[in-house]
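Enquirer: Protein sequence lines, in the order shown, are assigned to chains A and B. For what it's worth, full-length UniProt numbering labels the leading residue of the first sequence as 1, then goes sequentially. For what it's worth, full-length UniProt numbering labels the leading residue of the second sequence as 1, then goes sequentially.
Source of the hints: derived by calculation from the structure; they are not laboratory data. Values in this document were obtained by computation on a predicted structure and should not be read as measured data. Possibly wrong hints are sitting among the right ones.
[Said to hold, decoys possible] Here are the simulated distance ranges between beta carbons:
1) B:Ser24 - A:Ala84: 21 to 31 Å
2) B:Glu43 - A:Gly27: 21 to 31 Å
3) A:Phe36 - B:Val101: 21 to 31 Å
4) B:Tyr88 - A:Ser64: 47 to 57 Å
5) B:Asn106 - A:Arg10: 38 to 48 Å
Think of the CB as a built atom: it goes at the ideal place given N, C-alpha and C, for glycine as much as any other residue.
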Amino acid sequence: MSYFRITLHRSAIGLPERTRGVLAALGLRKRSQTVFHPVHPQFAGMIMKVKELVRVEEVDRPLSKKEVKAERTPEPGFYVERPAEGGRVGL
Amino acid sequence: MFGPFRITNPLSGGLLWKIPWRLSKFQKARQRRRLRAVDSVVETLHNALAKKGQTLESLERWKAEMPTEQEMLPKDKYTIFDRKEKRYRKGIHKLPKWTRVSQRVNPPGY
Numbered sequence: 001m002s003y004f005r006i007t008l009h010r011s012a013i014g015l016p017e018r019t020r021g022v023l024a025a026l027g028l029r030k031r032s033q034t035v036f037h038p039v040h041p042q043f044a045g046m047i048m049k050v051k052e053l054v055r056v057e058e059v060d061r062p063l064s065k066k067e068v069k070a071e072r073t074p075e076p077g078f079y080v081e082r083p084a085e086g087g088r089v090g091l
Numbered sequence: 001m002f003g004p005f006r007i008t009n010p011l012s013g014g015l016l017w018k019i020p021w022r023l024s025k026f027q028k029a030r031q032r033r034r035l036r037a038v039d040s041v042v043e044t045l046h047n048a049l050a051k052k053g054q055t056l057e058s059l060e061r062w063k064a065e066m067p068t069e070q071e072m073l074p075k076d077k078y079t080i081f082d083r084k085e086k087r088y089r090k091g092i093h094k095l096p097k098w099t100r101v102s103q104r105v106n107p108p109g110y
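Whole structure, please, built from the sequences with the hints as guidance.
Expert: Structure, rendered in structure tokens:
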């Protein structure tokens, strides 16, 4: 089972109600939001309607919200060698 | 200086056409990039559905009727047919929402 990974790249402000309705149906509310939908002609047709606004990839499994966030979070720039005395365990 | 009686070119009765009649090279480059982005979305959909042996009417029509960015003539990338215009062509940036709509084919012969 493969999925479409759909990211809203361009805003639909000022575009017809039909176009904004398609985005709402896909579950896209704001720019650079990512949603996953199974590869199916129904979803492909919806993507065709908004192809100028989105970026699409085909992926094997849908990522959770946390995983998508982790992808675009930059490296913190440090790592914890040893937790401080009396510090929280497991950090 | 300010107020309703200020002297500016449009208010002095002169026509000031502030939207350039053609795209700059940077606008053209971005236009080509947007065209290629749409091509890649269509290609992704086509490949994904082909793997499952499924088809989509609108996708097939797009593939059959619309040229890709490489196949398009520069004339069609950057200008659009207009019957009211001299020589029947105007810059594509006169098209409302031109960065977010697909406008690829023009009447044959123009």
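Enquirer: Please go over all the hints and tell whether each is borne out by the structure.
Expert: Verification of the supplied hints:
1. Restraint check, Ser24 of chain B to Ala84 of chain A: a C-beta distance of roughly 57 Å breaks the suggested window 21 to 31 Å.
2. At roughly 23 Å, the beta carbons of Glu43 of chain B and Gly27 of chain A sit within the given window of 21 to 31 Å.
3. Take Phe36 of chain A and Val101 of chain B: their Cβ atoms lie about 26 Å apart, and the range 21 to 31 Å holds.
4. Between Tyr88 of chain B and Ser64 of chain A, the C-beta spacing of about 53 Å keeps the proposed range 47 to 57 Å intact.
5. For the hinted restraint 38 to 48 Å between Asn106 of chain B and Arg10 of chain A, the CB-CB distance of approximately 24 Å leaves it violated.
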